[in-house]
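Chemist: At position 67 of the sequence shown (counting the first as 1) the number is 67 in full-length UniProt numbering, and the numbers step up by one without a gap.
The set of hints was computed from the structure by calculation and includes no laboratory data. Careful: at least some of the hints might be erroneous.
[What the hints assert, rightly or not] Straight-line distance between alpha carbons at most 20 Å, and here's what the computed DMTMM-like set of lysine to aspartate or glutamate pairs gives:
{"no.": "1", "residue 1": "Lys149", "residue 2": "Asp27"}
{"no.": "2", "residue 1": "Lys112", "residue 2": "Glu92"}
{"no.": "3", "residue 1": "Lys146", "residue 2": "Asp27"}
{"no.": "4", "residue 1": "Lys32", "residue 2": "Asp17"}
{"no.": "5", "residue 1": "Lys32", "residue 2": "Glu91"}
{"no.": "6", "residue 1": "Lys52", "residue 2": "Glu81"}
{"no.": "7", "residue 1": "Lys52", "residue 2": "Glu10"}
{"no.": "8", "residue 1": "Lys52", "residue 2": "Glu72"}
{"no.": "9", "residue 1": "Lys45", "residue 2": "Asp26"}
{"no.": "10", "residue 1": "Lys16", "residue 2": "Glu141"}
{"no.": "11", "residue 1": "Lys149", "residue 2": "Asp69"}
{"no.": "12", "residue 1": "Lys29", "residue 2": "Glu93"}
{"no.": "13", "residue 1": "Lys112", "residue 2": "Glu135"}
{"no.": "14", "residue 1": "Lys16", "residue 2": "Asp27"}
{"no.": "15", "residue 1": "Lys16", "residue 2": "Glu48"}
{"no.": "16", "residue 1": "Lys112", "residue 2": "Glu141"}
{"no.": "17", "residue 1": "Lys82", "residue 2": "Glu72"}
{"no.": "18", "residue 1": "Lys45", "residue 2": "Glu66"}
{"no.": "19", "residue 1": "Lys32", "residue 2": "Glu114"}
{"no.": "20", "residue 1": "Lys16", "residue 2": "Asp125"}
{"no.": "21", "residue 1": "Lys45", "residue 2": "Glu90"}
{"no.": "22", "residue 1": "Lys137", "residue 2": "Glu48"}
{"no.": "23", "residue 1": "Lys45", "residue 2": "Asp69"}
{"no.": "24", "residue 1": "Lys45", "residue 2": "Glu134"}
{"no.": "25", "residue 1": "Lys112", "residue 2": "Glu93"}
{"no.": "26", "residue 1": "Lys112", "residue 2": "Glu91"}
{"no.": "27", "residue 1": "Lys29", "residue 2": "Asp153"}
{"no.": "28", "residue 1": "Lys108", "residue 2": "Asp69"}
{"no.": "29", "residue 1": "Lys82", "residue 2": "Glu93"}
{"no.": "30", "residue 1": "Lys137", "residue 2": "Glu123"}
{"no.": "31", "residue 1": "Lys112", "residue 2": "Glu134"}
{"no.": "32", "residue 1": "Lys32", "residue 2": "Glu123"}
{"no.": "33", "residue 1": "Lys32", "residue 2": "Glu141"}
{"no.": "34", "residue 1": "Lys52", "residue 2": "Asp69"}
{"no.": "35", "residue 1": "Lys112", "residue 2": "Glu123"}
{"no.": "36", "residue 1": "Lys112", "residue 2": "Asp147"}
{"no.": "37", "residue 1": "Lys45", "residue 2": "Asp111"}
{"no.": "38", "residue 1": "Lys52", "residue 2": "Asp17"}
{"no.": "39", "residue 1": "Lys108", "residue 2": "Glu93"}
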Amino acid sequence: MITLIAAAAENNALGKDNNLLWHLPDDFKRFKQITTGHHIIMGRKTFESFPKPLPNRTHVIITRQENYDVPEGCLVVNSLEKAIAVCPKEEEEIFIIGGGEIYTQSMKIADKIELTRVFTAPEADTFFPEINLEEWKLTFEEFHTKDEKHAFDFSFLTYVRL
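Kindly generate the complete structure, drawing on both the sequences and the hints.
Modeler: Right under this line is the structure:
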């Protein structure tokens with residue numbers, strides 16, 4: 001199963017200047033819980049936005065750069081198709097974690113979307129693709145109000161392909 005996992009604003013904003021637009025500890029906890037122990041596929045810029053590789057996950061980085069240097073345990077490929085192909089066939093779920101271009105490429109082949117909808121509409125340069133509700137069904141929704149640790153209201157949403 002291929003799952004897209006993202007946090008996107010109401011205008012589908014994901015980030016600006018290779019940075020996230022918000023700090024939501026509960027979203028980070030959910031991301032860690034869902035992706036730990038799995039292969040995570042990302043573009044080079046997404047990988048470079050991390051201070052170091054995320055623990056207990058196999059990073060698959062898509063880049064057109066020849067001889068792109070990554071830490072031990074990370075895999076480098078030059079296409080989404082190759083990224084999926086290097087993930088073990090027995091792995092139940094692989095995760096696409098960004099960025100915008102990789103999400104757009106993978107939207108047509110994904111089986112599930114784990115989306116944190118952040119209730120704001122900031123300026124951004126990277127966006128999540130539009131979810132076509134004729135192709136996707138919302139199967140889970142959990143609303144969270146802003147508090148001292150979370151500057152925005154947000155909802156955890158799960159979509160499955162129809």
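Chemist: Run every hint past the structure and note whether it holds.
Modeler: Results of checking the hints against the structure:
{"no.": "1", "hint": "Lys149 x Asp27", "in the structure": "11 Å, holds"}
{"no.": "2", "hint": "Lys112 x Glu92", "in the structure": "12 Å, holds"}
{"no.": "3", "hint": "Lys146 x Asp27", "in the structure": "12 Å, holds"}
{"no.": "4", "hint": "Lys32 x Asp17", "in the structure": "23 Å, violated"}
{"no.": "5", "hint": "Lys32 x Glu91", "in the structure": "17 Å, holds"}
{"no.": "6", "hint": "Lys52 x Glu81", "in the structure": "25 Å, violated"}
{"no.": "7", "hint": "Lys52 x Glu10", "in the structure": "29 Å, violated"}
{"no.": "8", "hint": "Lys52 x Glu72", "in the structure": "12 Å, holds"}
{"no.": "9", "hint": "Lys45 x Asp26", "in the structure": "24 Å, violated"}
{"no.": "10", "hint": "Lys16 x Glu141", "in the structure": "26 Å, violated"}
{"no.": "11", "hint": "Lys149 x Asp69", "in the structure": "36 Å, violated"}
{"no.": "12", "hint": "Lys29 x Glu93", "in the structure": "18 Å, holds"}
{"no.": "13", "hint": "Lys112 x Glu135", "in the structure": "11 Å, holds"}
{"no.": "14", "hint": "Lys16 x Asp27", "in the structure": "18 Å, holds"}
{"no.": "15", "hint": "Lys16 x Glu48", "in the structure": "14 Å, holds"}
{"no.": "16", "hint": "Lys112 x Glu141", "in the structure": "14 Å, holds"}
{"no.": "17", "hint": "Lys82 x Glu72", "in the structure": "19 Å, holds"}
{"no.": "18", "hint": "Lys45 x Glu66", "in the structure": "15 Å, holds"}
{"no.": "19", "hint": "Lys32 x Glu114", "in the structure": "12 Å, holds"}
{"no.": "20", "hint": "Lys16 x Asp125", "in the structure": "5 Å, holds"}
{"no.": "21", "hint": "Lys45 x Glu90", "in the structure": "28 Å, violated"}
{"no.": "22", "hint": "Lys137 x Glu48", "in the structure": "33 Å, violated"}
{"no.": "23", "hint": "Lys45 x Asp69", "in the structure": "13 Å, holds"}
{"no.": "24", "hint": "Lys45 x Glu134", "in the structure": "31 Å, violated"}
{"no.": "25", "hint": "Lys112 x Glu93", "in the structure": "10 Å, holds"}
{"no.": "26", "hint": "Lys112 x Glu91", "in the structure": "15 Å, holds"}
{"no.": "27", "hint": "Lys29 x Asp153", "in the structure": "16 Å, holds"}
{"no.": "28", "hint": "Lys108 x Asp69", "in the structure": "30 Å, violated"}
{"no.": "29", "hint": "Lys82 x Glu93", "in the structure": "16 Å, holds"}
{"no.": "30", "hint": "Lys137 x Glu123", "in the structure": "28 Å, violated"}
{"no.": "31", "hint": "Lys112 x Glu134", "in the structure": "14 Å, holds"}
{"no.": "32", "hint": "Lys32 x Glu123", "in the structure": "26 Å, violated"}
{"no.": "33", "hint": "Lys32 x Glu141", "in the structure": "19 Å, holds"}
{"no.": "34", "hint": "Lys52 x Asp69", "in the structure": "13 Å, holds"}
{"no.": "35", "hint": "Lys112 x Glu123", "in the structure": "27 Å, violated"}
{"no.": "36", "hint": "Lys112 x Asp147", "in the structure": "29 Å, violated"}
{"no.": "37", "hint": "Lys45 x Asp111", "in the structure": "24 Å, violated"}
{"no.": "38", "hint": "Lys52 x Asp17", "in the structure": "18 Å, holds"}
{"no.": "39", "hint": "Lys108 x Glu93", "in the structure": "16 Å, holds"}
Hints 4, 6, 7, 9, 10, 11, 21, 22, 24, 28, 30, 32, 35, 36, 37, counting from the list given before, are not met by this structure.
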